[in-house]
Amino acid sequence: MRRYDMISSLVFLACGVFITVSSLRIHIGTFEDPGPGLFPLITGILMGIISGGMFIKSCLQSTSAGQEPLGADKRLWHNKSVATVVIMFLYALTVDWLGFLTVTLLILFILYKAIGGLSLKVSLGGAILTAAIAYILFKVWLNVQLPVGPLGV
Amino acid sequence: MDILQNIAYGFSIVLEPARLLVCFLGVLIGTLIGVLPGIGPSATVAILLPVSISMGAADAMILLAGIYYGSMYGGSTTSILVNIPGESASVVTCIDGYQMARQGRAGVALGMSAFGSFIGGTVGIVGLMLLAPPLSEFALQFGPPEYFGMILCGFSILIYLASGSKIKALLIAFLGIFLAEIGNDLVTGEQRFTFGNLTLMDGIPLVPMVMGLFGIAEVLVNLQETFERVVLSSTIKNLLPNLADWKASLGPIGRGTILGFFLGLLPGGSATLASFASYAVEKRISKHPERFGKGAIEGVAGPETANNAATSSAFIPMLTLGIPANPVMALVMAALLCHGLQPGPLLLVKSPDVFWAIITSMYVGNVMLVILNLPLIGLWVKLLKVPYAVLFPLILLFCLIGSYSTSSNYQEVIIMIIFGIIGYLMRKFEYEPVPLVFAFILTPLLERAFRQSLAMSHEGFMIFLRPPIALVFMITAFVLIALLIFPLMKKGASKTGGLHG
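First to last, the protein sequences are chains G and Y. In this text, residue positions in the first sequence follow this note's numbering: the first is 69, and each later residue adds one. In this text, residue positions in the second sequence follow this note's numbering: the first is 1177, and each later residue adds one.
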């Protein structure tokens, strides 16, 4: 985990520096009349100091104890997780064009078949059933505003 | 007398048929997600937030509260029968509950778990009912410096009680503070960190954020794991514990109730912490600690009681002070905010219907849960066999629809997915999402109190140390921060000394 700690502390350090620098461009004010930049400035400085301390600590630990290799079970990303994220992004980007029902049906089928590993019949049946129930529940019953595609649904 | 009148008022709201149905739905969903491993109460409450917004405030609160305490009941079922905790507060129940099941005493374990949960939950509600009104009244005396001190104190307790690395908890809390600062400034309207994006001008939307951090992230992590479920269903009989079981369990139930109630009050003192603490106490004071881990009923009764007592008492700081004790409470608080209600001392004055409806619905819900959990145990066992491949697309779909429906804006779906990725990475890098949500929700209050205090002060930061209540909060916060920092510095110094030596 030490390598992970070093990476994450560097990310937080970068965030701290970014927040500090950016907040200097916002009106900071005085202690009697604090401006909108004061609180972010304090946040950025404290985040920078703490993440810097954590980076030094993880460096010292890795020097003394050696670097832990990232084994196969410690993989950061997994194919199924990446694919699911991509599918969700596709959903977000196409739902306004193609409409709720069409995109939901397609996405559910892909999730059941490709990610869940279910059979073709079960995936198709599950997708149709789930999409229909979701449509009835959200659109008809709860009257949620869902996008309508070229098919009118 | 006032309390009796208020209870009667609360029951008059809750006992309406439509509200009873909402309460039943809440505890049913809660039991369901408690039984099913792979989805916890935080994710479920996050997913159902958009649905709850379309309901009335009292209905929404009854539903969400029901999900929370219902999940505590359901969580024990998977722990006992499958050795997989349905949610984190039931982790410790696996140890002795599963062993009892292997010895053919699954029914007794499930029964004692349900009775303990009922007792802990009900006594917790009585405490909530008695403690909440005077605490609200006391909090009415608070001005901006007291509020600043109290929230800072809450942060310190949360970090101090964080389960993993304290530095990581602190860093993630600062990330939450930063995220809450994005958008138009509360006082001047000046834009902060928006990069000209219209969606960000109103700040990062809470609902997609929590749905991403809890719902999506949980699915992404669970997709990498395979749940091997060996359900010990054939051994479920004799749900009613015998006299010897009751004799062994009464002490743990009593201690679990008290311990759980007080731990539930603390920020970060979740039901999970209560169940672990109860198990540790029971093992330590037992005359036969060697029985623990081999099917001791005390190891089931104590923790299951404690986590339900903590669930009830967790409502106290949220309803009376506006400080959520755990992520679920943060989400319930968010739901209150979405309904235009500000949790805190004025909630009882301005919306007594919502306040007393929540409390009395918990009495009704606890009775419903005993009925749901004991006779319907066979049904829950069957549900355990639903594969995750069928469940996860449903969870994702609920999240996608939920985040889209709040403002019909696809950018909010993208925000949810981004927070899903962040939540996933946080779990991989061993960062807890709880301090982030806690900080995100409380930062607007903290910043407002900070700026108002300084604006009304003629002596700078001394204003935070002048009022006695604020001083007590500040001292507590600094003591906790010192207790946090000194051991870390000591460790660092010894490590450096070791390197040079």
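Hints listed in this document are in silico derivations from the structure and should not be mistaken for laboratory results. Heads up, a few of these hints could be off.
[Claimed, not checked] With a straight-line cut-off of 30 angstroms between C-alpha atoms, the simulated DSBU-like cross-links for lysine-lysine are:
no.	chain 1	residue 1	chain 2	residue 2
1	Y	Lys1342	G	Lys125
2	Y	Lys1558	G	Lys148
3	Y	Lys1561	G	Lys189
4	Y	Lys1561	G	Lys148
5	Y	Lys1463	Y	Lys1342
6	Y	Lys1558	G	Lys181
7	G	Lys189	G	Lys125
8	Y	Lys1526	Y	Lys1459
9	Y	Lys1342	Y	Lys1561
10	G	Lys181	G	Lys148
11	Y	Lys1604	G	Lys181
12	Y	Lys1470	G	Lys148
13	G	Lys125	Y	Lys1558
14	Y	Lys1470	Y	Lys1342
15	Y	Lys1470	Y	Lys1459
16	Y	Lys1604	Y	Lys1561
17	Y	Lys1423	Y	Lys1463
18	G	Lys125	G	Lys148
19	Y	Lys1526	Y	Lys1558
20	G	Lys181	Y	Lys1342
21	Y	Lys1463	G	Lys189
22	G	Lys207	G	Lys181
Bear in mind that the values here come from a model prediction, so they are computed numbers and not experimental data.
For each hint, the structure was consulted:
1. Lys1342(Y) / Lys125(G): 13 angstroms, holds
2. Lys1558(Y) / Lys148(G): 27 angstroms, holds
3. Lys1561(Y) / Lys189(G): Holds. Lys1561(Y) to Lys189(G) sits at ~20 angstroms (cutoff 30 angstroms).
4. Lys1561(Y) / Lys148(G): Measuring from Cα to Cα gives roughly 22 angstroms; hence the hint holds.
5. Lys1463(Y) / Lys1342(Y): 35 angstroms, violated
6. Lys1558(Y) / Lys181(G): With Cα atoms ~24 angstroms apart, Lys1558(Y) and Lys181(G) stay inside 30 angstroms; holds.
7. Lys189(G) / Lys125(G): 54 angstroms, violated
8. Lys1526(Y) / Lys1459(Y): Not satisfied, since the Cα-Cα distance of roughly 46 angstroms exceeds 30 angstroms.
9. Lys1342(Y) / Lys1561(Y): Not satisfied, since the Cα-Cα distance of roughly 38 angstroms exceeds 30 angstroms.
10. Lys181(G) / Lys148(G): 12 angstroms, holds
11. Lys1604(Y) / Lys181(G): 26 angstroms, holds
12. Lys1470(Y) / Lys148(G): 38 angstroms, violated
13. Lys125(G) / Lys1558(Y): 49 angstroms, violated
14. Lys1470(Y) / Lys1342(Y): Violated, at about 33 angstroms.
15. Lys1470(Y) / Lys1459(Y): 12 angstroms, holds
16. Lys1604(Y) / Lys1561(Y): 28 angstroms, holds
17. Lys1423(Y) / Lys1463(Y): Holds: Lys1423(Y) and Lys1463(Y) sit about 14 angstroms apart, inside 30 angstroms.
18. Lys125(G) / Lys148(G): Roughly 34 angstroms separates the two Cα atoms, so the pair is violated.
19. Lys1526(Y) / Lys1558(Y): 45 angstroms, violated
20. Lys181(G) / Lys1342(Y): Violated - the C-alpha atoms of Lys1342(Y) and Lys181(G) are around 42 angstroms apart, more than 30 angstroms.
21. Lys1463(Y) / Lys189(G): 58 angstroms, violated
22. Lys207(G) / Lys181(G): 26 angstroms, holds
Comparing the model with each earlier hint shows violations of hints 5, 7, 8, 9, 12, 13, 14, 18, 19, 20, 21; every other hint is respected.
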